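Enquirer: Chain by chain, the residues:
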Amino acid sequence: MSRIGVFVCWCGSNIAGTVDVEKVREEAAKIPGVVSALDYKYMCSDPGQNSLRNIIKEKNLTGIVLAACSPHMHENTFRKAAAKEGLNPYFVEIANIREQVSWVHEDKERATAKAVDLMKMMVEKVKRDRPIEDVRVPLNKKALVIGGGIAGIQAALDIANGGVEVILVEKEPSIGGRMIQLDETFPTLDCSSCIMTPKMVEANQHPNIKLYTYSEVEDISGYIGNFKVKIKKKARSVVEKDCTGCGECWNACPMHKNVKSEFNVNLSERTAIYVPFPQAVPLVPVLDRSVCLHFKKGGKCQKCYDACGPKCINFDLQDEIIEETVGAIVASTGYDLMDTSMYGEYGYGKYKDVISGLQFERLLSASGPTEGVIKRPSDGKTPQTIVFVQCVGSRDPEKGVPYCSKVCCMYTAKHAKLFAHKVHGSQSYVFYIDIRSTSKGYEEFVRGTMEQDGAIYLRGRVSKIYEDEGKLIVKGADTLSGNQVEIAADMVVLATGVIPKKGSDKLAQMLGISYDKYGFFTESHPKLRPAESSTAGIFLAGMAQGPRDIPESVVSGSAAASKILGLFSKNEYEVEGTIANVNEATCVACFYCQRVCAYNAISKKEIKDRSGKLIKVVANVNPGLCTGCGACVNACFSKSIDVKGFMDDQIYAEIKALAV
Amino acid sequence: MANTKTDEKLQKIAKDLLESGEVSLVIGYAKGSNLQRMRPVFITKAEDAGKLSFSPHAVQDLAVFLKKPEVKKFGKIGIVVKGCDEKAVNALIQEYQISRDNIKIIGMECNGVIRQNIADKGETNVSESAVYDKCLICEEHIPVLYDFLIESEEPKLVLSGNVKPYSGIEKLESMSAEEKNAFWAKEFDKCIKCYACRQACPLCYCSRCIVEKNMPQWIDTNSEETGNAQWNLIRAYHLSGRCIGCGECERACPVNIPLMLINEKMAKDVYNLFGYKSGLDINAKPVFGVFSESDFNDFIK
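Protein sequence lines, in the order shown, are assigned to chains F and Y.
In terms of my numbering, the first sequence has 125 at position 125, counting the first letter as 1, and numbering is strictly consecutive.
In terms of my numbering, the second sequence has 291 at position 291, counting the first letter as 1, and numbering is strictly consecutive.
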């Protein structure tokens, strides 16, 4: 016989203001099987939980119903309280009379009637609860970090320093990501490569980090604690362990000056065999087979091979597939810039001296194409007037994206400042919509650019840029003075919007994590679980989640790492026991459940007799992957799958409870 | 009646298959109790292959037998199918109920089968007014998949367009919700819950049907308004996007509920919404088991 306790929570006036909690309690007491009914101001408080525990003991309860807030809030609290009194924690059911009743209704009488109904349903459900044990999944204590920018490197280093092995996979020939392309960083103006390269070197030399550059994650299967990863190590054509990084090969390459340098954002050229930049980690060149004469012209050219001292160039190297098993993953794939050429009126791609912010970074950089001297791409002259245009693509739902790219206000201020420092007597103009400079030292930095470095800030958009007698004529509006402005500039720098790295949606699908409509990975909870993805064991870091600056990227990398170290501090991971369960006797193996399972949690299982003869094939649920979503339950024609804790007879009883 | 050329070809194929051991059972048609009736036959010995026959009276969908455990235990099976029935074989392969490797499909080109009630009056010629509605809309006179194909000796079915197949669907679509309810309430009222529709359906293969699930008993088993509606709706729903339109349920129904109106309406809606027709491709993903971002979601308000 059931001995159910019903606890009605007031939640102060949150519930009691709209729901007659005493009436709910009175109705509960009338239900057969309910041996105790109580209402209390705050059930989640210590006294509330204590009274719950006392009544479990006193009345020897077999089940508990809390008419209270959403189970998202305190289900765990009450489950733990019940478990302390020796009750299986899954014998606790929540009737949500706050989010589903008091907060959404005004009429007290009708709200109370609904609250009573919800409570009754849960009483009938709890009567049919069976004990559920949580599932324990063993953990492979090894982590995979996808993307070797600052966020990924930080995550890898923190995990590795915690004593856990890390595999760091980077698509490009070198780690470093976007940050290593930058010149000086706001608001302190420390040189990006000076602070970045030590981290890159540390990652490369760390005994716990295995680095795969020029490599891509090809396939991922499995679940938290047990992800099977296939990494494609693209054929580099250079044997890494023998290469000394001396540079003889790229100096010998006849494809000099023919290929645009990706690293310098097309502002310089590279050879077919190349390192993207001098501080590359690892300092081992990559042979770009799409442009190499050896591959294009039938194997005749081998000048790099001839020049190579240790003879580590091997044209026959093939792509390699490396398989690893890891327990947790960090997705930190970073960002790209929007293609600004769709803003025809700005002339990007048409006029050589209209460049993107990232290109300007390369012009500023001492290791850039101009060795840090600001020169116009068209004629190499040093510009005296530069117009900076902010929000190119960002905050523009019509042509670009509605969101703010967050870093542009700050880097534009930095650009204007560095321009003033490098070209004395020069003048910069900044077109902006709003200035967003909210972190520590940021506002002072922007003020400095205006007040000490003389940048003229104009609030408004640029309508057109065209070339006239070697000048770029920038037409725009100054909305503060209400005037149309026309500036003859030597160069224009567009603060282009940030978008997720190309292919990140494909990766998200492979990982089984959710992403927003732009392609940024979404957090499990935007505020309270910002480092977690929607899938257990997969964590997020850096710009792959959305626009953010370097300190935020570093923080997010560390956050992901600390989550993984926390996870790995135990030997097993506990998964909630409310997962799908197959009735093998009635399953007819049509496998619609497998087709609709978004988590690949269902496989085929053969049932054999003692002699090993196959009796039948049935569906089988992998507890590590199953989230208990219930899609399979809907798909099963013969009703042979249930989710534990939401069994068919429980749902039926809930509905029946409404009918009487 | 003597063997036709079709019969001889059919018998030869079955004999060879059984003799070579490629199959241990051939499911086909034999001549029935009178000239206008064919009956299913199960041939396990090569010397019995002479019993096989085919004619426009071969109305049954023999694929229904493939779901039976007593048939499955034969392992490798040969089956005689018309284009419509063959789609059921495909759907069963798609749903892992049989393996393509275990089945030899003897496909019959078919220009239509004659309605039994008309055949019983002596009709032996295939014509627009004599065949089932499914034959009038048939696009698979030659089965889409077969190991052997036997071409038809019958004249092609000529369609004047005067006979409108499944004309009831249009009528139903023009009705209000209340009228539709009233129409089906009247039809389902006849249901005696004999489940002949289920037994005749090649795709109703669950070893325990949902209607047999008790604790809880979701569907009332008694034969009255609620239970009848529950059964007939869940049957239709379980077949939406799966029904291949063989019409065996309707043919089996002893109280003449127009089940094909539901089935065809569902098939039509599924095709319009998802561009999917059941049973045409053994490698296709059944529409019930597929979801994609491009699925319509107008119903989410």
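No lab work stands behind these hints: they were computed from the structure.
Heads up, a few of these hints could be off.
Stated by the list, open to error - With a straight-line cut-off of 27 Å between C-alpha atoms, the simulated DSS-like cross-links for lysine-lysine are:
#1 Y:Lys277 <-> F:Lys639
#2 Y:Lys76 <-> F:Lys613
#3 F:Lys608 <-> Y:Lys76
Predicted, not measured: the structure shown is a model, and the values here were computed from it.
Enquirer: Each hint: holds or not?
Expert: Do the hints match the structure? See the list:
1. Y:Lys277 <-> F:Lys639: 25 Å, holds
2. Y:Lys76 <-> F:Lys613: Judged against 27 Å, a Cα distance of about 17 Å means the pair holds.
3. F:Lys608 <-> Y:Lys76: Measuring from Cα to Cα gives roughly 20 Å; hence the hint holds.
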